[in-house]
Amino acid sequence: HGKPEARLGDGAAGLAFNLSHTDGLVGVAVAADPGLPLGFDVEPLGRRAPMEVARRFFTASEVGWLDGLPAAARAEGFFRLWTLKEAFIKATGKGLTQDLSSFWFSVHPPAISFAPGCGERPRDWCFVQRIVGGGCLAAIGVRDRGAGIDVAWSELDPAGFDPAAGLGW
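Taking the working numbering, the leading residue of the sequence shown gets 1066, the next gets one more, and so forth.
Derived by calculation from the structure, the hints in this document are not laboratory data.
None of the values given here were measured: they were computed from a predicted structure.
Glycine included, each C-beta is placed from N, C-alpha and C at the ideal position.
Check the hints yourself; a few may be wrong.
Derived SDA-like pairs (lysine to any residue); straight-line CA-CA distance at most 20 Å [stated by the list, open to error]:
(1) K1068 x V1093
(2) K1068 x G1100
(3) K1159 x H1086
(4) K1068 x P1099
(5) K1159 x T1124
Cβ-Cβ distance ranges computed for the label pairs, FRET-style [claimed, not checked]:
(6) D1088 x G1182: 37 to 45 Å
(7) V1197 x G1079: 22 to 30 Å
(8) G1211 x G1089: 33 to 41 Å
(9) R1210 x A1136: 34 to 42 Å
(10) G1225 x G1133: 37 to 45 Å
(11) A1180 x G1225: 43 to 51 Å
(12) A1176 x D1227: 33 to 41 Å
(13) D1075 x G1133: 52 to 60 Å
(14) P1099 x D1227: 25 to 33 Å
(15) F1179 x A1217: 25 to 33 Å
Required output: the full structure, derived from the provided sequences and hints.
Here it is in structure tokens:
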């Protein structure tokens, strides 16, 4: 319930962030707007897709889309939907307490829809996905109120990272 907050001393830092990790990879999304609802998820594409999770928690349209994919593409399809859903529920701060069937995604391009009475508008949200780390799928979700976002992706090898040099942004 709620989102982690970056702090500097006794006050909040002037940024929003969200992070995710999986085997061998940690990712973080950062925005220079402390009040921005921002969510991020990363999942390995080589992992078995738990289709029983999709059938239990995804909407009928999402399951129908997955079932329409060739068998070899279903795992990636599952993780495309899952990372988008995770990015959204992490951005709202509600996590898995939120009903995963109260919203659904179209994947190409990523776009969200909501059940009536949800209190959200699809046009207020922006989602971006990308393959990172040589085989993981990452998704970012932002409630940008239709302003649009610019996403800059950077990948760092921790073995070559020099904290004194900074991130180089």
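Hint by hint, here is what the structure shows:
With a C-alpha separation of about 14 Å, the suggested pairing of K1068 with V1093 holds against the 20 Å cut-off. A hinted pair counts as satisfied when its Cα atoms are at most 20 Å apart, and K1068 with G1100 qualifies at roughly 11 Å. For the hint linking K1159 to H1086, the alpha-carbon distance of about 19 Å falls within 20 Å, and the restraint holds. Restraint check for K1068 and P1099: the C-alpha separation of about 12 Å stays at or below 20 Å, so the hint holds.
As the CA atoms of K1159 and T1124 are separated by approximately 18 Å, the hinted pair is consistent with the 20 Å bound. The hint said 37 to 45 Å for the Cβ distance between D1088 and G1182, and at roughly 39 Å that hint holds. The hinted range of 22 to 30 Å is satisfied by V1197 and G1079, whose Cβ atoms lie roughly 26 Å apart. Roughly 36 Å separates the CB atoms of G1211 and G1089, a value that falls within the hinted 33 to 41 Å.
Between R1210 and A1136 the C-beta distance comes to about 40 Å, which sits within the given range of 34 to 42 Å. Between G1225 and G1133 the beta carbons are some 43 Å apart, a value that agrees with the proposed interval 37 to 45 Å. Restraint check, A1180 to G1225: a C-beta distance of roughly 46 Å satisfies the suggested window 43 to 51 Å. Range check, A1176 to D1227: about 40 Å between beta-carbon atoms, so the 33 to 41 Å window is met.
Taking the beta carbon of each, D1075 and G1133 are about 53 Å apart, inside 52 to 60 Å as hinted. Distance hint check for P1099 and D1227: the Cβ-Cβ separation is about 28 Å, which falls inside the suggested range of 25 to 33 Å. In this structure the supplied range 25 to 33 Å holds for F1179 paired with A1217, their Cβ-Cβ distance being about 28 Å.
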